[in-house]
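K.L.:
Listed here are the chains, written in short residue letters.
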Amino acid sequence: MSSIAKKENLVYQRPALRTEKEYSFCPGCGHGTVHNIILEVIEEMGLQEKAIGITPVGCAVLAYEFMNIDMQQAAHGRAPALATAINRMMPDKAVFTYQGDGDLAAIGTAETIHACNRGENIVIFFVNNGIYGMTGGQMAPTTLPGMPSSTSPYGRDVETMGGPMKITEMISQLDGVYMSTRQAAHTPAYVRKLKKAIRQAFENQQARKGLSFVEIVTNCASGWKKTPTDANKWLEENMFPVYPLGDIKIDGKLVK
Amino acid sequence: MAKIKGEIIIDVERCKGCHVCVPACNFKCVGVSPKVNSKGYNYVVFENSESCTGCANCAIVCPDAAITVYRTKVE
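Protein chains in written order, with the numbering used here: chain F, 1 to 256; chain L, 1001 to 1075.
Don't take each hint at face value.
Straight-line Cα separation of at most 30 Å, BS3-like style, residue types lysine-lysine; simulated pairs [stated by the list, open to error]:
no., chain 1, residue 1, chain 2, residue 2
1, F, K233, F, K209
2, F, K7, F, K253
3, F, K50, F, K193
4, F, K7, F, K21
5, F, K195, L, K1035
6, F, K6, F, K21
7, F, K196, F, K93
8, F, K233, L, K1073
9, F, K21, F, K93
10, F, K225, F, K6
11, F, K6, L, K1005
12, F, K193, L, K1005
13, F, K195, L, K1005
14, F, K196, F, K50
15, L, K1005, F, K225
16, F, K6, F, K193
17, F, K233, F, K195
18, L, K1039, L, K1003
19, L, K1035, F, K21
20, F, K226, F, K195
21, L, K1073, F, K195
22, F, K225, L, K1003
23, F, K225, L, K1039
24, F, K50, L, K1028
25, L, K1039, F, K196
26, F, K7, L, K1003
27, L, K1035, F, K226
28, L, K1003, F, K193
29, F, K7, L, K1028
30, F, K253, F, K195
31, L, K1035, F, K196
Hints listed in this document are in silico derivations from the structure and should not be mistaken for laboratory results.
Given the structure is predicted, the values throughout are model-derived calculations rather than measurements.
Based on the provided sequences and hints, a complete structural model is requested.
P.N.:
This is the structure:
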């Protein structure tokens, strides 16, 4: 068997742009998978020298520890504003933001919507797990109706707390958005689809087409108080009906 | 007939025992070890090695990129 494990037979290994540091995310966290795919795409497209990632606050901020490219941290929710500035100062760079739902859909709603409306030439990765992961599982705008969290222990009551905010559908209505899509990353098939979407987003960015918005619906095993495999099952059963996967806007035209 | 054969190498210390890779394999080549690594996680092991095709399904879903995949054609 050891005859197969040779350099010329290599099919997959840890992305070269990953730092040596081990991910500090919880076991089974979707962030790790999404990090890997983004780094693979950056590597395949040869954008190492051009890519500038913006991380805000939340679990997503840790990306700068693991991505061996230029990174900058923004204030909570303000990643699209900082990305706008960097993109305007250095228009030939590949600027992207990597944000969670507590960041992009709550405190950063205004920045997100206005960056989308201006059609800044950036890529926004929106990792949606329906909860505030880093701070201890509080309710986020994207939390599902009836879903318990540490600040809604009896489940989210839609009458008093509102319903889940579908940011990707909202921003797709804006003319500045060139591409918007919703993907997942917990099974091999979804990972392959997500990789295509991320590649398309960076290609749009390089062709200066406008803003590309990629939402990734992931789990938060710790926040949901489940094992990683149970969390992925729960994700398919409960998150997907509320956040249906697929392209919403392609080449500046709504497809859904 | 030529056959595709694969092999995976698992970085046991990077594995966090989430076991997301276990259902990802169609050939049941990834199993859970009763042993734990230095962090205390039940890491995964390569088993049923004759069936592995080197499709990399286990590796691409691994959040910690702990799996390296090799593939070759055997005549």
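K.L.:
Determine for every hint whether it applies to the structure shown.
P.N.:
Verification of the hints:
no.	hint	in the structure
1	K233(F) / K209(F)	violated (37 Å)
2	K7(F) / K253(F)	violated (44 Å)
3	K50(F) / K193(F)	holds (24 Å)
4	K7(F) / K21(F)	holds (23 Å)
5	K195(F) / K1035(L)	violated (34 Å)
6	K6(F) / K21(F)	holds (25 Å)
7	K196(F) / K93(F)	holds (21 Å)
8	K233(F) / K1073(L)	violated (35 Å)
9	K21(F) / K93(F)	holds (26 Å)
10	K225(F) / K6(F)	violated (41 Å)
11	K6(F) / K1005(L)	holds (13 Å)
12	K193(F) / K1005(L)	holds (25 Å)
13	K195(F) / K1005(L)	holds (25 Å)
14	K196(F) / K50(F)	holds (20 Å)
15	K1005(L) / K225(F)	violated (39 Å)
16	K6(F) / K193(F)	holds (29 Å)
17	K233(F) / K195(F)	holds (21 Å)
18	K1039(L) / K1003(L)	violated (38 Å)
19	K1035(L) / K21(F)	holds (24 Å)
20	K226(F) / K195(F)	holds (27 Å)
21	K1073(L) / K195(F)	holds (26 Å)
22	K225(F) / K1003(L)	violated (43 Å)
23	K225(F) / K1039(L)	holds (20 Å)
24	K50(F) / K1028(L)	violated (41 Å)
25	K1039(L) / K196(F)	violated (34 Å)
26	K7(F) / K1003(L)	holds (19 Å)
27	K1035(L) / K226(F)	holds (22 Å)
28	K1003(L) / K193(F)	holds (27 Å)
29	K7(F) / K1028(L)	holds (25 Å)
30	K253(F) / K195(F)	holds (21 Å)
31	K1035(L) / K196(F)	violated (37 Å)
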